[in-house]
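There are 2 protein chains.
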Amino acid sequence: MKPTIRSPGIDRRALLSSLALLPALSAPFLPASAPAQTPAPGVLPSWNDGPAKQTILDFVRATVERSSPNYVVPEERIAVFDQDGTLWVEHPMYTQVVYCLERVPAVVAKKPELKNVEPFKTVLSGNREAIARLPLPELEKILVATLTGMTTEEFRAEARAWLDSARHPRWNRPYTELVYQPMLEALQYLRDNTYKTYIVTGGGQDFVRVYAEKVYGIPPEQVVGTAGGTKYGYGKDGKPFLMKEPKLLLNDDKAGKPEGIHLMIGRRPTAAFGNSNGDREMLEWTGAGAGARLKMLVLHDDDKREYAYGPAQGLPDSKVGTFTQALYDEAKQKGWTVISMKNDWKRIFAFDSEARSG
Amino acid sequence: MKPTIRSPGIDRRALLSSLALLPALSAPFLPASAPAQTPAPGVLPSWNDGPAKQTILDFVRATVERSSPNYVVPEERIAVFDQDGTLWVEHPMYTQVVYCLERVPAVVAKKPELKNVEPFKTVLSGNREAIARLPLPELEKILVATLTGMTTEEFRAEARAWLDSARHPRWNRPYTELVYQPMLEALQYLRDNTYKTYIVTGGGQDFVRVYAEKVYGIPPEQVVGTAGGTKYGYGKDGKPFLMKEPKLLLNDDKAGKPEGIHLMIGRRPTAAFGNSNGDREMLEWTGAGAGARLKMLVLHDDDKREYAYGPAQGLPDSKVGTFTQALYDEAKQKGWTVISMKNDWKRIFAFDSEARSG
Numbered sequence: 416m417k418p419t420i421r422s423p424g425i426d427r428r429a430l431l432s433s434l435a436l437l438p439a440l441s442a443p444f445l446p447a448s449a450p451a452q453t454p455a456p457g458v459l460p461s462w463n464d465g466p467a468k469q470t471i472l473d474f475v476r477a478t479v480e481r482s483s484p485n486y487v488v489p490e491e492r493i494a495v496f497d498q499d500g501t502l503w504v505e506h507p508m509y510t511q512v513v514y515c516l517e518r519v520p521a522v523v524a525k526k527p528e529l530k531n532v533e534p535f536k537t538v539l540s541g542n543r544e545a546i547a548r549l550p551l552p553e554l555e556k557i558l559v560a561t562l563t564g565m566t567t568e569e570f571r572a573e574a575r576a577w578l579d580s581a582r583h584p585r586w587n588r589p590y591t592e593l594v595y596q597p598m599l600e601a602l603q604y605l606r607d608n609t610y611k612t613y614i615v616t617g618g619g620q621d622f623v624r625v626y627a628e629k630v631y632g633i634p635p636e637q638v639v640g641t642a643g644g645t646k647y648g649y650g651k652d653g654k655p656f657l658m659k660e661p662k663l664l665l666n667d668d669k670a671g672k673p674e675g676i677h678l679m680i681g682r683r684p685t686a687a688f689g690n691s692n693g694d695r696e697m698l699e700w701t702g703a704g705a706g707a708r709l710k711m712l713v714l715h716d717d718d719k720r721e722y723a724y725g726p727a728q729g730l731p732d733s734k735v736g737t738f739t740q741a742l743y744d745e746a747k748q749k750g751w752t753v754i755s756m757k758n759d760w761k762r763i764f765a766f767d768s769e770a771r772s773g
Numbered sequence: 416m417k418p419t420i421r422s423p424g425i426d427r428r429a430l431l432s433s434l435a436l437l438p439a440l441s442a443p444f445l446p447a448s449a450p451a452q453t454p455a456p457g458v459l460p461s462w463n464d465g466p467a468k469q470t471i472l473d474f475v476r477a478t479v480e481r482s483s484p485n486y487v488v489p490e491e492r493i494a495v496f497d498q499d500g501t502l503w504v505e506h507p508m509y510t511q512v513v514y515c516l517e518r519v520p521a522v523v524a525k526k527p528e529l530k531n532v533e534p535f536k537t538v539l540s541g542n543r544e545a546i547a548r549l550p551l552p553e554l555e556k557i558l559v560a561t562l563t564g565m566t567t568e569e570f571r572a573e574a575r576a577w578l579d580s581a582r583h584p585r586w587n588r589p590y591t592e593l594v595y596q597p598m599l600e601a602l603q604y605l606r607d608n609t610y611k612t613y614i615v616t617g618g619g620q621d622f623v624r625v626y627a628e629k630v631y632g633i634p635p636e637q638v639v640g641t642a643g644g645t646k647y648g649y650g651k652d653g654k655p656f657l658m659k660e661p662k663l664l665l666n667d668d669k670a671g672k673p674e675g676i677h678l679m680i681g682r683r684p685t686a687a688f689g690n691s692n693g694d695r696e697m698l699e700w701t702g703a704g705a706g707a708r709l710k711m712l713v714l715h716d717d718d719k720r721e722y723a724y725g726p727a728q729g730l731p732d733s734k735v736g737t738f739t740q741a742l743y744d745e746a747k748q749k750g751w752t753v754i755s756m757k758n759d760w761k762r763i764f765a766f767d768s769e770a771r772s773g
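Keeping their order, the protein sequence lines are chains A and B.
One point on numbering: in our numbering, the residue at position 96 of the first sequence is 511, and numbering is uninterrupted.
One point on numbering: in our numbering, the residue at position 341 of the second sequence is 756, and numbering is uninterrupted.
Looking at chain A on its own, in the form it has when it is part of the complex (with noise of 0.2 angstroms):
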């Protein structure tokens, strides 16, 4: 075998790149207002009937009975789910983003000595025209600076105090209450299915781990995502701590995906969702498997309940979550299918006022 080799690709260029896109912070405040519907009988209540949720019905059944052709063992029933834009709101930047940037007072504060260096200064100036404009390089630092250089135990009770008092600028809710219905009864289904249901996201993995377990059902050790290096050091009252490095060990995107599975999971999932090319090599390493596979990838096409954006099918382009034609022509192409929010989806997330049929 003479193969071609596709280069992992690291960079965090997708990440940082949402950073363009902040003057959309100031987004028209829609607020929560009547409670929400009961959900209609059955599996997958928030989806309405139609290829997408035929497609997981058929898919869980045929591997899942035992008289099936496709059976699956219990042990091989992996179920992998991108996170941004696939399980929760990715727009207007990914909320990890918004948490570094947000973080930077604090870390300021701690060393004043940052305050009149860039891309601090920049960043505690608050305009945000300029900070969309800082370099790459300097928005590394502004990552390192807050998510390295702290315990791990640290790191997780800051993230966990921003994430119960940050709210989206749209919905004004938490961004942990932005997740879609239909995905978290998709991963329940599953579940119920005994599926294994795992995140594999190019977030990093220690921030979604914080939060996974209660707003997923998916325990640490089933998040998969973009990994540092930590250090074992002592305290000096001789407790150990690991200290988070600024060393990047996984970037799990794109070809890192399939990398970050066999590294954390060490099998081939059955089953894989994304929502942009990101998740490229995820859905082709799934579908490469023998028997039945599901791959889906999230189309966001509705801009009146969440976002539109691709440029698939037309749609406005997007840094954040880009889902290009290519990427749809390789869907249809290898049978993947392809969610549409708008017509697939009943409701968007649990506190949504009404239902749409499609």
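Keep in mind that the hints were calculated from the coordinates and are not lab data.
Treat the hints with care, since some could be wrong.
The list treats identical chains as one, so a pair stands whether inside a single copy or across any two.
Taking lysine-lysine and the DSS-like style, the derived pairs with C-alpha atoms no more than 30 angstroms apart in a straight line are [to be verified]: (1) K556 - K662; (2) K556 - K646; (3) K662 - K646; (4) K749 - K651; (5) K536 - K747; (6) K749 - K654; (7) K749 - K646; (8) K734 - K556; (9) K526 - K556; (10) K646 - K526; (11) K629 - K749; (12) K651 - K747; (13) K651 - K556; (14) K526 - K536; (15) K734 - K719; (16) K556 - K536; (17) K654 - K734; (18) K525 - K747; (19) K646 - K734.
Since chain A is already given, all that's left is putting chain B on it; use the hints.
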């Protein structure tokens, strides 16, 4: 907090130094004799009554009984086990090192230009004393040649075929039969009490994953080990593969064990089992959590039924599985439990013909 940082100690010396023991391969061959006796009734039947067995029983009761002040919720019940010397025999050489040496002829058959190149030439010569004298950088070339440069699926097939045919020189049995029966019972007993059992090994993660599910009931996603990077690519047929790269991501030994636990599990374990100085930090990290914690070290003090080495408690020094007197003293000082193979284990292997009382 002004902490001292301990270097993660990245060296593969421990793995490789076992080569120095190569002449021991000519140890006497003891045939398997009578069939195994039926185990005693009750839990942990291959453990003699005594402090080690009692410590396990007390710990489980303290953490699973709802009324206990040290009750641990099921999702936090994480038990980690070193492998070499803790779950199976590590003398006279780590099994994976035997694998790497025995793979050399196959590697040379595929690349005949290596035949007269060191260190392959020496390994092919079969001259054990010369092999034992190979310097570390030369030995690393053997690890790289036999553990990387193939796809993850090719590696799995190669390792599986070897494990099926290779025999331990002393017992003339497959390595996978040389697992400690009392530890299999401890694994099962913990799982019966909703503990999730993990292997945390200095050995290669991909290697151990090949057999861990069958041998220990531990699935691939619960094997944490020394891990290298992979690279995603496409074959001529367009099918994706993961190529094993000579790039170290995690050196899962000593301080690398808590670091690996954080990376791969993301929770502090409640129970930890080891047998050597390579497990010290893992036991410290486990023990530093609140509530009841199980910290156990297997002491190889039974040269009749297995091996005796230490050098704790005056046992012969060993480069494979070093258990220093300093570690023994730390164990006593911190209340860790030292398991005496000689006194605490009724039988060592499932195939042992007779059980022995303590």
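The hints, checked one at a time:
no.: 1; hint: K556 - K662; in the structure: both (13 angstroms within a copy, 26 angstroms between copies)
no.: 2; hint: K556 - K646; in the structure: both (20 angstroms within a copy, 27 angstroms between copies)
no.: 3; hint: K662 - K646; in the structure: both (10 angstroms within a copy, 19 angstroms between copies)
no.: 4; hint: K749 - K651; in the structure: between (58 angstroms within a copy, 17 angstroms between copies)
no.: 5; hint: K536 - K747; in the structure: neither (47 angstroms within a copy, 53 angstroms between copies)
no.: 6; hint: K749 - K654; in the structure: between (53 angstroms within a copy, 12 angstroms between copies)
no.: 7; hint: K749 - K646; in the structure: between (43 angstroms within a copy, 23 angstroms between copies)
no.: 8; hint: K734 - K556; in the structure: within (21 angstroms within a copy, 43 angstroms between copies)
no.: 9; hint: K526 - K556; in the structure: within (14 angstroms within a copy, 46 angstroms between copies)
no.: 10; hint: K646 - K526; in the structure: within (22 angstroms within a copy, 39 angstroms between copies)
no.: 11; hint: K629 - K749; in the structure: neither (35 angstroms within a copy, 34 angstroms between copies)
no.: 12; hint: K651 - K747; in the structure: between (59 angstroms within a copy, 22 angstroms between copies)
no.: 13; hint: K651 - K556; in the structure: within (29 angstroms within a copy, 41 angstroms between copies)
no.: 14; hint: K526 - K536; in the structure: within (13 angstroms within a copy, 58 angstroms between copies)
no.: 15; hint: K734 - K719; in the structure: within (20 angstroms within a copy, 67 angstroms between copies)
no.: 16; hint: K556 - K536; in the structure: within (12 angstroms within a copy, 49 angstroms between copies)
no.: 17; hint: K654 - K734; in the structure: between (44 angstroms within a copy, 29 angstroms between copies)
no.: 18; hint: K525 - K747; in the structure: neither (52 angstroms within a copy, 40 angstroms between copies)
no.: 19; hint: K646 - K734; in the structure: between (34 angstroms within a copy, 25 angstroms between copies)
Taken one by one, the earlier hints fail for this structure at numbers 5, 11 and 18, listed in ascending order.
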